[in-house]
Amino acid sequence: MADQSEYYREEARELLELIEQKLIDLENQPEDTELLHAIFRAFHTIKGSGSMFGYDEVAGFTHEIETLFDYLRDKRISSNKQIIDIALAAKDHISDLIFSSEAIDPEAGESILESVRGYLAPLQSSLESSEAAEKQPVPPPATESVEENGTLETTFRITFSPQREFFLRGAKVLSLLLELESLGTPLIFAHTGEIPTLEQIDPELCYTSWTILLTTTKDRNAIQDIFIFVEDYSELHINVIDDAAQLDITSEYKRIGEILYEQGYVDQETVESIMKQKERFGEVAMKQGVVSKDALDSALGEQQYVREVRRRRQQQQSGTTIRVKSEKLDDLVNLVGEIVTLQARLAQYTESAHDGDTVSVAELENVSENMDRLTSELRENTMDIRMIPLAETFNSFHRLVRDLSTELGKEVELVTSGAETELDKNIIDALNDPLVHIIRNSIDHGLESSEERQKAGKAGSGTVNISAEHSGANVLIRIKDDGRGLSADKIRKKAVQRRIIGKDSKLSDKDLYSLIFSPGFSTTETATSVSGRGVGMDVVKRNIEQLRGKVHIDSQPNLGTTITLTIPLTLSIIDGLLVSIGLERYVINLSAVEECFELTPELFQEGQRNEYLSIRGEIVPYIDLRELFTVQAAVPQFREITVVKAGESKVALIVDSIIGQHQTVIKPLNAALNFIQEVSGSTILGDGTIAFILDINKLTEKISTGV
Amino acid sequence: MDIELQKNTHETRLVCRGNATAEAASQIRDILLEALQLTPTVMIDLAKVEKVDTTFLQLLVSAERTAKEKDKSIQIDPSAYCEALIKSAMRGGFYREAEHLGSSSTNTILADYYTQVMQGGDRG
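Heads up: the sequence lines are chains A and B, in that order. Per my numbering, residue 1 is the first one in the first sequence, and the count goes up by one each step. Per my numbering, residue 1001 is the first one in the second sequence, and the count goes up by one each step.
Possibly wrong hints are sitting among the right ones.
What the hints assert, rightly or not - Pairwise CB distance ranges, derived in the manner of DEER restraints:
{"id": "1", "chain 1": "A", "residue 1": "219", "chain 2": "B", "residue 2": "1038", "range": "15 to 25 Å"}
{"id": "2", "chain 1": "A", "residue 1": "255", "chain 2": "B", "residue 2": "1030", "range": "38 to 48 Å"}
{"id": "3", "chain 1": "A", "residue 1": "18", "chain 2": "B", "residue 2": "1075", "range": "55 to 65 Å"}
{"id": "4", "chain 1": "A", "residue 1": "170", "chain 2": "B", "residue 2": "1075", "range": "25 to 35 Å"}
To be verified - If the Cβ cut is set under 8 Å, some of the chain A residues that face chain B in the computed set are:
{"id": "5", "residue": "115"}
{"id": "6", "residue": "177"}
{"id": "7", "residue": "190"}
{"id": "8", "residue": "198"}
{"id": "9", "residue": "201"}
{"id": "10", "residue": "545"}
As the list claims (entries may be wrong) - Subject to a maximum C-alpha distance of 25 Å in a straight line, what follows is the list of computed SDA-like cross-link-like pairs (lysine to any residue):
{"id": "11", "chain 1": "B", "residue 1": "1087", "chain 2": "A", "residue 2": "183"}
{"id": "12", "chain 1": "B", "residue 1": "1070", "chain 2": "A", "residue 2": "205"}
{"id": "13", "chain 1": "B", "residue 1": "1087", "chain 2": "A", "residue 2": "204"}
{"id": "14", "chain 1": "A", "residue 1": "698", "chain 2": "A", "residue 2": "595"}
{"id": "15", "chain 1": "A", "residue 1": "293", "chain 2": "A", "residue 2": "367"}
{"id": "16", "chain 1": "B", "residue 1": "1087", "chain 2": "A", "residue 2": "229"}
{"id": "17", "chain 1": "B", "residue 1": "1072", "chain 2": "A", "residue 2": "207"}
{"id": "18", "chain 1": "B", "residue 1": "1087", "chain 2": "A", "residue 2": "203"}
{"id": "19", "chain 1": "A", "residue 1": "287", "chain 2": "B", "residue 2": "1064"}
{"id": "20", "chain 1": "A", "residue 1": "218", "chain 2": "B", "residue 2": "1090"}
{"id": "21", "chain 1": "B", "residue 1": "1070", "chain 2": "A", "residue 2": "204"}
{"id": "22", "chain 1": "B", "residue 1": "1070", "chain 2": "A", "residue 2": "286"}
{"id": "23", "chain 1": "B", "residue 1": "1072", "chain 2": "A", "residue 2": "200"}
{"id": "24", "chain 1": "B", "residue 1": "1072", "chain 2": "A", "residue 2": "197"}
{"id": "25", "chain 1": "B", "residue 1": "1087", "chain 2": "A", "residue 2": "226"}
{"id": "26", "chain 1": "B", "residue 1": "1087", "chain 2": "A", "residue 2": "178"}
{"id": "27", "chain 1": "A", "residue 1": "293", "chain 2": "B", "residue 2": "1001"}
{"id": "28", "chain 1": "B", "residue 1": "1068", "chain 2": "A", "residue 2": "176"}
{"id": "29", "chain 1": "B", "residue 1": "1087", "chain 2": "A", "residue 2": "196"}
{"id": "30", "chain 1": "B", "residue 1": "1087", "chain 2": "A", "residue 2": "698"}
{"id": "31", "chain 1": "B", "residue 1": "1087", "chain 2": "A", "residue 2": "595"}
{"id": "32", "chain 1": "A", "residue 1": "293", "chain 2": "B", "residue 2": "1069"}
{"id": "33", "chain 1": "B", "residue 1": "1087", "chain 2": "A", "residue 2": "286"}
{"id": "34", "chain 1": "B", "residue 1": "1087", "chain 2": "A", "residue 2": "287"}
{"id": "35", "chain 1": "A", "residue 1": "293", "chain 2": "B", "residue 2": "1007"}
{"id": "36", "chain 1": "B", "residue 1": "1068", "chain 2": "A", "residue 2": "193"}
{"id": "37", "chain 1": "B", "residue 1": "1072", "chain 2": "A", "residue 2": "203"}
{"id": "38", "chain 1": "B", "residue 1": "1051", "chain 2": "A", "residue 2": "300"}
{"id": "39", "chain 1": "B", "residue 1": "1072", "chain 2": "A", "residue 2": "300"}
None of these hints come from the bench; they were simulated from the model. Here the structure is a predicted model, which is why all the values come from computation and not from measurement. Note that the Cβ used here is the ideal one computed from N, Cα and C, for glycine as well.
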């Protein structure tokens, strides 16, 4: 589809979500008028804005649904499950019409409308007259978008009125207009009102004037240059009517009255008196003979033209947009202000130094400290802007659960907590598919049917619990069901069958559960349409790991299964602890660091499998990174330990020395280095050298699996 | 410009050839007036016209107004396609005028062009 307005789509997306939520609420509270009103308003807005932005099919389709809800809120019909099903189907169809890139089967929409009409028909005694789609001005969202084009365009209105003798001087209008084409694509209106009849006309005189709208990256002078030779026998006015440099978000261009006034066709009094009459300005003005038809034409043309220009510009600008609270942006602006001030100070010091004055170390230190503080704050602030709460994602799951519940014939309740937890938008987008899959899996394979549950002494309705909470620099998302739990036996059998493990391998239940994530694994004999054929969990694991997260699965027979996702809050900047080993330096994610201290001989203890340290009585396994990385350089006399924690596991890492805290911008490793497990990224230090970022998860895994 | 006047019962046909520009303006005006006095309908054939300028466009408008006053009709022959007319009418912004006078084909071309410019397209 060619024409799309990003703002409409974003608004529609939110409205459709709202409709879904409220419809589900409505099932539990069918008489709630507030809900009905809200749903009606949402459909109404989608319809109205839809027709304004050219989504005619959406507007047409939504119109009938809107009517249904109009009747519902007026209590002329009462709601029931079928109506809600129809409404949900309608919401999906509208979503497809707006967002789907595939061709929409017109039958789908028709069948929904048929059902709707079934409810409407008894109430409509006469044929409903087709209402002209109401054009409601939609207040644009209070977000700011930034001009991405290098060259900004300005739209000019050029009025050109040659004198009567123009042609007698040998000047040619068409040539001038041709030259204008080199600046852009002009829209030209010829005002022919003054051309007399053949009896009265002097064929060699010029009776025509022109209004030209031109959108161009050039400036006013370029236009004036074109008319320079005919200046003396014509009148030329050049006005700016739209400027891409103005971030004027309300794309409502001027009213007709304003345009005509600007062009000098009407005076202010006339404009005001006509505006008082509630009819269309143009019609009244014509009736009163105040303006000629072609003046009106060009004013209308101008209005339409500028709207188009603005619409196209908005379209170019927005890729994906985020709604941001204005306070966050205010903070950002303040920060930038402070940085500018600091920069000025630095510039001053530099100049002084040039002039031979000495700049004290204390002064430089001060600037450096402030710069440090400000960049920290700036980083936090911009990261924060990208953070949005999980609420939206969680809410969409209510619909999913309801549908699955119906499809699979199981009673399921979804309980969420921690929806206010915020995550980077990119991460949220990437989490959606894995979460959907996990939920589907839970309901399909984890939860038993009502009869089974009751036989087992459980409540007939199963519960899926999704929760989110911050933990250090991570977010923990848990999906828990109270179903039958994983069957270690079944998994073992399947794994052996699939040759994932050997027949005689002895794995703990916990280890067996993790096998679920192996590619090609699935314990149901027949894949259902919902959960697929075992392509799921390994893809989920991979997706999560791509976000530098971790998946963990735990289960208890008959009690249920819990899947825990540990996702880092941001993708690219972390607070790190810089350590040195040999000649190299490494970074450890500071949020994983528990404590640091000097390595002393007493700490060592001999153990059965691993070697471990005894730290204040606690047994902690350790890894000597020098050994791990086979570092050759001379061993220092005193070494240090960093104790890190990943999930439940603690490990003591022995390093040469701990240098200190370091704000780390993560640079991903080249794919060729992916085989190196212990390192998950790299960063460039202040002196230009590279430090690798240790993968704490992998290191702790090494210890627990004894590898 | 060379203009041949062909008078039929109900329609006078003006077959033009050459350049419809300022030098011929007076001549064109005279013939147009004459034709309008002869029959209720006047048909202008511009197939062989190579150049069209603003004076001619003005005269077409004037002729249309005159015809209206006299309760007659004047038209440009739709089957006699004239590229120069279309180009000049587009460039000069004479959309509506061409509409009144024009053949449906001219109208469609102009209407399409108008829409195109509105949508920021390139001049064809």
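Against the structure, the hints come out as follows:
no.: 1; hint: A:219 - B:1038: 15 to 25 Å; result: violated, 54 Å
no.: 2; hint: A:255 - B:1030: 38 to 48 Å; result: holds, 45 Å
no.: 3; hint: A:18 - B:1075: 55 to 65 Å; result: holds, 57 Å
no.: 4; hint: A:170 - B:1075: 25 to 35 Å; result: holds, 32 Å
no.: 5; hint: 115; result: violated, 38 Å
no.: 6; hint: 177; result: holds, 5 Å
no.: 7; hint: 190; result: holds, 4 Å
no.: 8; hint: 198; result: holds, 4 Å
no.: 9; hint: 201; result: holds, 5 Å
no.: 10; hint: 545; result: violated, 46 Å
no.: 11; hint: B:1087 - A:183; result: holds, 18 Å
no.: 12; hint: B:1070 - A:205; result: holds, 24 Å
no.: 13; hint: B:1087 - A:204; result: holds, 21 Å
no.: 14; hint: A:698 - A:595; result: holds, 19 Å
no.: 15; hint: A:293 - A:367; result: violated, 67 Å
no.: 16; hint: B:1087 - A:229; result: holds, 24 Å
no.: 17; hint: B:1072 - A:207; result: holds, 23 Å
no.: 18; hint: B:1087 - A:203; result: holds, 21 Å
no.: 19; hint: A:287 - B:1064; result: holds, 23 Å
no.: 20; hint: A:218 - B:1090; result: holds, 23 Å
no.: 21; hint: B:1070 - A:204; result: holds, 23 Å
no.: 22; hint: B:1070 - A:286; result: holds, 24 Å
no.: 23; hint: B:1072 - A:200; result: holds, 18 Å
no.: 24; hint: B:1072 - A:197; result: holds, 13 Å
no.: 25; hint: B:1087 - A:226; result: holds, 20 Å
no.: 26; hint: B:1087 - A:178; result: holds, 11 Å
no.: 27; hint: A:293 - B:1001; result: violated, 33 Å
no.: 28; hint: B:1068 - A:176; result: violated, 32 Å
no.: 29; hint: B:1087 - A:196; result: holds, 24 Å
no.: 30; hint: B:1087 - A:698; result: violated, 72 Å
no.: 31; hint: B:1087 - A:595; result: violated, 81 Å
no.: 32; hint: A:293 - B:1069; result: holds, 18 Å
no.: 33; hint: B:1087 - A:286; result: violated, 30 Å
no.: 34; hint: B:1087 - A:287; result: violated, 34 Å
no.: 35; hint: A:293 - B:1007; result: violated, 35 Å
no.: 36; hint: B:1068 - A:193; result: holds, 15 Å
no.: 37; hint: B:1072 - A:203; result: holds, 21 Å
no.: 38; hint: B:1051 - A:300; result: violated, 31 Å
no.: 39; hint: B:1072 - A:300; result: violated, 30 Å
Comparing the model with each earlier hint shows violations of hints 1, 5, 10, 15, 27, 28, 30, 31, 33, 34, 35, 38 and 39; every other hint is respected.
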